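Heads up: the sequence shown is residues 183 to 525, going by the working numbering.
In short, the hints are calculated from the structure, not lab data.
One or more of the hints may lead you astray.
As the list claims (entries may be wrong) - Distance ranges between label pairs, derived from CB positions:
1. Phe203 with Arg278: 24 to 30 Å
2. Glu386 with Glu502: 27 to 33 Å
3. Thr232 with Pro483: 37 to 43 Å
4. Arg407 with Gln273: 41 to 47 Å
5. Glu502 with Glu239: 20 to 26 Å
6. Thr508 with Cys486: 21 to 27 Å
7. Ser381 with Asp496: 37 to 43 Å
8. Asp452 with Asp251: 22 to 28 Å
Keep in mind the model is a prediction, meaning the values are calculated, not measured.
A virtual CB, placed ideally from N, CA and C, is assigned to each residue, including glycine.
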Amino acid sequence: MATLGKRNLEDDDHDNIQVFFMYSWTQPDYLAAIADQAFCDKIVSKLDATSAFEVNEDDDFEAEWSEEDKKKHAVDLKFYYAGGSCRFMFQYPTNRVVKILETAVESVNNKSDLVKYCGGSLHTDAINRLYGMQRHGTGNGRFPVSSYAAYLFANECDEETISQLGARLNASNNPSVDGHLFEWLFVAAVRKRAVKLFSDRGIEEVLPQANVLRFDPKKRFRVLRDGKIGGDRSWLQPTAWNQGGYDAVYFDKDEGKVIFVQLTRSDKHDFKMRFFSEVLLKLKTAKMEIKQVVIYFVVKPAQCLNFRMGHIDDRDVLREYDASWTRPEESHVRVRAFEATPI
183 MATLGKRNLE DDDHDNIQVF FMYSWTQPDY LAAIADQAFC DKIVSKLDAT SAFEVNEDDD
243 FEAEWSEEDK KKHAVDLKFY YAGGSCRFMF QYPTNRVVKI LETAVESVNN KSDLVKYCGG
303 SLHTDAINRL YGMQRHGTGN GRFPVSSYAA YLFANECDEE TISQLGARLN ASNNPSVDGH
363 LFEWLFVAAV RKRAVKLFSD RGIEEVLPQA NVLRFDPKKR FRVLRDGKIG GDRSWLQPTA
423 WNQGGYDAVY FDKDEGKVIF VQLTRSDKHD FKMRFFSEVL LKLKTAKMEI KQVVIYFVVK
483 PAQCLNFRMG HIDDRDVLRE YDASWTRPEE SHVRVRAFEA TPI
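Hey, can you work out the whole structure from these sequences and the hints?
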């Protein structure tokens, strides 16, 4: 086995060597692997990621779960760090994965290379471990190997790099990669500046600039002694890689405002309101008086005119928290696109 940079065409022809791309693992791949109990017993110690966050209470909600549910949750938590690398998932404990990724990012002299390397499929540098790959049509798409890798990228991004990333997202036609680019762009941008969204009708809105924290939507919000809620005035990213409904949520307890952001990578997207309602219920339980709920579906500029809602689930559940969410709820969703350049 060798990277393409260590091969040459003459040797390949002589030895009849064929190129084979190793695509990144997905959550279904991991779940299929640990369904083999003998294999699971060998690697279970590596599924050691925890969900202890400053935003959530330390609920022991897993106690009543089945063994299958517990294994799936363990994979979800480790997936945040390991992503598409089966070696990171099964061979190394979480703290080792974190160290490997941090060291790799630190080794990059020109941080704009982190964006550049999301293009193409053939690179020889040592930072190759920072990326995953998925098939797209007749080609391949590269992206940060995991959400934690994207988070590290974002910490190193300057305004120029953010602009490059936004432009690349708007120009991309690869749905499997768009989501990873959006996650990177969002985390990088909102931590450093207010992010402008715009519509095809000339409407412009600005998302609040704030720190980005992880949270577990399955757990209660932490309530501090002074009555403040953990995660207040911060952007919160759900731990599960495939969280339904939204990619980030922001709330301001004093204003009573909750903002959800969901990236849509096609011209049609389902609206599953129960996922939003679950967060709102937990905020209400934490004694937040919710006055306004705003939901953004963020698309690429070219999609603004053609975007439409798909299947609508759980109608009327949002009206309990904001009376303006009357039927048809899809008419209240704000479809917007990212501005690629800083404001």
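The hints, checked one at a time:
no.: 1; hint: Phe203 with Arg278: 24 to 30 Å; verdict: holds (26 Å)
no.: 2; hint: Glu386 with Glu502: 27 to 33 Å; verdict: holds (30 Å)
no.: 3; hint: Thr232 with Pro483: 37 to 43 Å; verdict: holds (40 Å)
no.: 4; hint: Arg407 with Gln273: 41 to 47 Å; verdict: holds (43 Å)
no.: 5; hint: Glu502 with Glu239: 20 to 26 Å; verdict: holds (23 Å)
no.: 6; hint: Thr508 with Cys486: 21 to 27 Å; verdict: holds (24 Å)
no.: 7; hint: Ser381 with Asp496: 37 to 43 Å; verdict: violated (26 Å)
no.: 8; hint: Asp452 with Asp251: 22 to 28 Å; verdict: holds (24 Å)
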